[in-house]
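Colleague: Each chain, written out:
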Amino acid sequence: MHEHAERLTGSLVTADLELEREFEARLADSSRLAFRVAFSVLRQREDAEDIAQEAFAKAYRSFRQLRDRTRFRAWLVRMTWRMALDRQRSNRRRSTHIVAAGIQARLGRYEEATADVVVARERAEHLWNAIEALPEKLRLVVVLAGIEGHDMHEVSALLEVPEGTVKSRLFLARKQLKERLSWMAATSRE
Amino acid sequence: MDGSNQQGMSDELLEKEIEAALGVDPSPEFLPRLRARIADDRTHAGWTIGSWRWAGAALGVVAVTLGLWLMRDTAPVSPEQTIATAPRRAEPGAPAANQGTPPPAFERLPLIDTAASAPRQRVVESVPRARQSAPDAVAAPLEVLISQDEAAGLQRLFSAIGDRRIETSTLPDLATALKPPEPIADIVVEPITINPLAATEGE
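Chains as they are written, first to last, in our numbering: chain U, 2 to 191; chain X, 448 to 650.
Chain X with its partners taken away, still in its complex shape:
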């Protein structure tokens, strides 16, 4: 470009042109819309914070519930516990100071009651039943479940099976053996018909 052209466009003229080009005003609705947008943002921000709080609280409740449920369910129940859940019976000669404290409810016990005075047997309790009876176990000591001779017999049986001295196929089917007795058919009582007595002679 030549110098004469550059001189022709004065700073003043240029500024005037630029100011005229930039002197555009927003529409009259612009400011109200802008205020509405800010108000909307304000409400939205409040809602977001509130919802996060609620979500956090709900999540906490769910976590605690889940934790409690898992703790309750994952408590290991050994096979022995399914057989015997009774606390150890106190020794006759035990010091009196120990009698004040209750025995632990789910203390692991041996299968066999070593006490000679184990008089009787009891059927093995199932797991849920054992859980249900836990508070009761604290309250009242349970009895020994299997007698000594029966336990010895069972041990012999298991060792014989383990040594393959007994063929398990020859054993009676447990399912059949433990099958509940067939229900007794209803007793049908025939209707009793009473025939009128014939008049006897002489009456």
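Just chain U, with the same shape it has in the complex:
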């Protein structure tokens, strides 16, 4: 009886350790993805790190209940996206839209503000604005396709939608972005 109890306790401890190890592997594998997803919404490093941390903490608490662990990344991405949107809304309630001067400080205050850097920042700002103006579904597809070189298959796995849907959303998103950013092509040709 005592031996049986010891064996049971031992197996529980082993299971916990395995779970911890598995989560650690997921953390190392997906932390950057979570950060970038959050950053694509918030465009502020500190906020994005905060949200990524919160998302991981939440994931940790529910990791045991996650039946299909292969879906962890998809789960994490969606959770991070939602949380980042919530944070963005609360940030907007707290303050008015951040002006260009503020953006410069956020994007890289340690770099020298040469003319080229200023132009690059301005282009990035326009790109972000164009991405932000996209409908949410298209926006998420564009972001995920632009992160870590994800292909259609990977994006469809992350969003758990068919590849065809990803393809059409990506097409629509790119079309709208091109329309909004056409002036950038002209300036880059100059």
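The reader is advised that the hints may include incorrect statements.
Claimed, not checked - Quick partial rundown of chain U residues pointing at chain X, CB under 7 Å, derived from the structure: (1) A58; (2) F73; (3) A75; (4) A134; (5) L173; (6) Q177; (7) L178.
Since the hints were derived computationally from the structure, they do not count as laboratory data. Backbone N, C-alpha and C fix where the C-beta goes; we use that ideal spot for every residue, glycine too.
Following the hints, put chain X in place on chain U, whose structure we already have.
Modeller: This is chain X only, laid out in the frame that chain U set:
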């Protein structure tokens, strides 16, 4: 927007721009902070479970204690029990088989002992005293507390008061009547002085 502008922005260029915009890495402290946060969560979760266990155990102990205390305190004590707590005396002709089992300690008894052999009276016991003497009552049967004639007298008195034949205001004040006797003043013994005897003549 015109078509020439749309053609101008190629997919490749757009992807490059997007990848460049999204290619931001977290700070070097991000991963250690994240690990610390998870470790903190782990500790916190453990503490929470432990504290709930402790709180539950403490609550259980408190509930049991409270229950026992209430059970002890809510046991009804009727006025009759305050007067007589003695078990019924066994009938002289009762079968011998019943003698082995002890009589119930707090069995309700009539005020009057019907047995003719009730020889004497006893002062009514107070409630706490009655509770305290419960184990003793099991061990040794108590005596009858009020004699027959005294009980009859009391009944007559109560019925007379109830019928308003006796004006209660004329009755002596119980508080005064039951007032303990005034303490006896200390006896002061005067010091005895013994005068030396005078020498008598002839000695």
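Colleague: Would you mind marking each hint as holding or not holding in the structure?
Modeller: A quick look at each hint next to the structure:
1. Because the beta carbon of A58/U sits about 5 Å from the nearest beta carbon in chain X, less than 7 Å, this interface hint is met.
2. Violation of the interface hint for F73/U is found here, the shortest Cβ-Cβ separation to chain X being roughly 14 Å, above the 7 Å cut-off.
3. For A75/U, the interface hint is violated, since its Cβ never comes within 7 Å of a Cβ in chain X; the closest pair sits about 18 Å apart.
4. With 7 Å as the threshold, the beta carbon of A134/U stays out of range of chain X, its nearest partner Cβ sitting at about 14 Å, so the hint is violated.
5. Below 7 Å, beta-carbon pairs count as interface contacts, and L173/U has none with chain X, the closest being about 13 Å; its hint is therefore violated.
6. Given hint, Q177/U at the interface with chain X, is violated; its Cβ is 10 Å from that chain's nearest Cβ, farther than 7 Å.
7. Restraint check, L178/U versus chain X: the minimum CB separation of about 6 Å is within 7 Å; hint holds.
Going through the hint list in order, the structure does not satisfy hints 2, 3, 4, 5, 6.
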